[in-house]
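This is what each chain is made of:
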Amino acid sequence: MKSLTLRNLHKTYFDPAVGTRVTAIQDVSLEIGAGEFVAVVGPSGCGKSTILNMVAGFLPATRGDIIVGDRSVKGPGRDRGVVFQNFALLPWKTVIDNVGFGLKMRGIPKPERDRIAMEFLELAGLSQAAERYPNELSGGMQQRAGVVRALANEPDVLLMDEPFASVDAQTRMTLQEELMRIWGERRHTVLFITHDVGEAVFLADRVVVLSKGHVLREIPITIPRPRRWDALTEDGEFKRLSAEVLQMVRAA
Amino acid sequence: MNAILEALDRYAHWAARWPVLAALAPFVPVVALWWGVAAAGVFPRAFFPAPPDVFQSFLTLTYKGILPAYLEDSIGRLAAGVSVGILLGIPLGILVGLSGVARKALWPVLLFFQAIGDIAWLPLLLIWFGFGLGTMTFVIVYTVIFPVVINTALGVRSIPPELVRAAQSLGAPRWRILTDVILPGALPNIMTGLRNGLGYGWRALIAAEIIVGTSGIGFLMFDARRAGSAVEIVLGMIVLGLLWYVVDAWILAPIERATGQRWGLVTRA
Chain A
13 MKSLTLRNLH
23 KTYFDPAVGT
33 RVTAIQDVSL
43 EIGAGEFVAV
53 VGPSGCGKST
63 ILNMVAGFLP
73 ATRGDIIVGD
83 RSVKGPGRDR
93 GVVFQNFALL
103 PWKTVIDNVG
113 FGLKMRGIPK
123 PERDRIAMEF
133 LELAGLSQAA
143 ERYPNELSGG
153 MQQRAGVVRA
163 LANEPDVLLM
173 DEPFASVDAQ
183 TRMTLQEELM
193 RIWGERRHTV
203 LFITHDVGEA
213 VFLADRVVVL
223 SKGHVLREIP
233 ITIPRPRRWD
243 ALTEDGEFKR
253 LSAEVLQMVR
263 AA
Chain B
7 MNAILEALDR
17 YAHWAARWPV
27 LAALAPFVPV
37 VALWWGVAAA
47 GVFPRAFFPA
57 PPDVFQSFLT
67 LTYKGILPAY
77 LEDSIGRLAA
87 GVSVGILLGI
97 PLGILVGLSG
107 VARKALWPVL
117 LFFQAIGDIA
127 WLPLLLIWFG
137 FGLGTMTFVI
147 VYTVIFPVVI
157 NTALGVRSIP
167 PELVRAAQSL
177 GAPRWRILTD
187 VILPGALPNI
197 MTGLRNGLGY
207 GWRALIAAEI
217 IVGTSGIGFL
227 MFDARRAGSA
237 VEIVLGMIVL
247 GLLWYVVDAW
257 ILAPIERATG
267 QRWGLVTRA
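Going down the list, the protein sequences come from chains A and B. Under our numbering, the first residue of the first sequence is numbered 13, with each subsequent residue one higher. Under our numbering, the first residue of the second sequence is numbered 7, with each subsequent residue one higher.
Please keep in mind that the hints were generated in silico from the structure rather than gathered at the bench. Here the structure is a predicted model, which means the values were calculated and not measured. Do not rely on the hints blindly, as some may be mistaken.
Unchecked claim - If you want a taste of the chain A side facing chain B, the calculated C-beta under 8 Å gives, among others:
hint, residue
1, A68
2, F70
3, L71
4, R90
5, R92
6, G93
7, F96
8, A100
9, W104
10, T106
11, F113
12, G114
13, M117
The beta-carbon is built from N, C-alpha and C at its ideal position, and this holds for glycine as well.
Bound-form chain A, shown alone:
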């Protein structure tokens, strides 16, 4: 695992509708330690997805640096694994081939990458679905595959862009707990984008509230791990922190 540092990140772009340059991200600096789980929350349009897209290398930053470990990065790379809101599994590859895709890109031979992919599928409870195509799976199962596809490639940091926003509420809670279990075992450095305050507080070591393209506040989440929804829904500390973050997001 490596740390992820955003230093004075700016993003402006020309908006043809307004006819001027618009500032999407304004001087965002963020330090995510190795093995730390940071959630960024904010109302829609606050720029949280823009930040993730810049870190992932999908969008160029106007100014500022993105540093993984001690290396400044530009453009997409396998050091930053991405989990997408709409899963982004390749429909023409079976689940096991999707999970092994990053390994294939590294030139790892088929038997070896199938073995590794299978390990990760077991981790996500997907070994039965290995030979199926993504469209044959439920949304929850597709996103499990999306998560382990990123993990199987052994990224230095994991970027998650509202990964559980498009599954139903019950599945979402299950996926959040599974993510906690996996993260507890492997301690990835995670940048997690969400608009769901409860999700952010449940998952993260630290919640960053974003407003109009800049960091409003950072709140450390001190709730002990392992965290489970059954125990937390009535937990005083969880309620207090959720309320505090929610207030800030609504005021943002």
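Assemble the complex: chain A is given as a structure, and chain B must be docked to it using the hints.
Structure of chain B alone, referenced to chain A:
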């Protein structure tokens, strides 16, 4: 009412078990009607042949070796033209689909030339290439290439950008994006283009054979007209229809079932 539903139900079961017979069954009333009209003697037999006459002609021409030889010529020309059309059309379609500059530059030209029917080129082609394979190949390539280019380009554009991003962040280099994301993603549309292209190409070939011809199914039909043999013309028409059915059922449909339909990218017909 119930009896009809029951009969339809039984037909559906039966059709599922015998797909070949199920494909032939709808032709039974068509042939029966044809036979009935011919037997009624409304038209002179020489102008309006009955099914047995056509079948007889099929046997004769097959026995003489004319039909197999002409069929081989036509299919060979189509295969050559279509192969060239695909080899040029798919890369061009991907270029147009991926590059905004190429699209802006080429799209109007593509639409313009697509609008000029293949047949409209024939007079000029005859001046350029004469009555030969060159003319016929050009016509087929010309006809096949536009639907392939246009549909390939649309297919490339329909790929969600997230899939390309996902592959990039998993470490895929550019050529891998092409082979593992762009090509399979565009495949259902490429198949549509191919289906259209093959259909147009087949018609263009028959037209070209009628005008240019020295052999082939189109030539067979046109030559029969000269001899006043309606029976061979009808035979030619039936061969054309059957051949298209074979291409569709044995080549195109299985590919589509194994790809786009399997991947959930297109709905089953």
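Legend entry - Enumerated hints in conflict with the structure, sorted upward: The structure conflicts with hints 3, 10, although it agrees with all the remaining ones.
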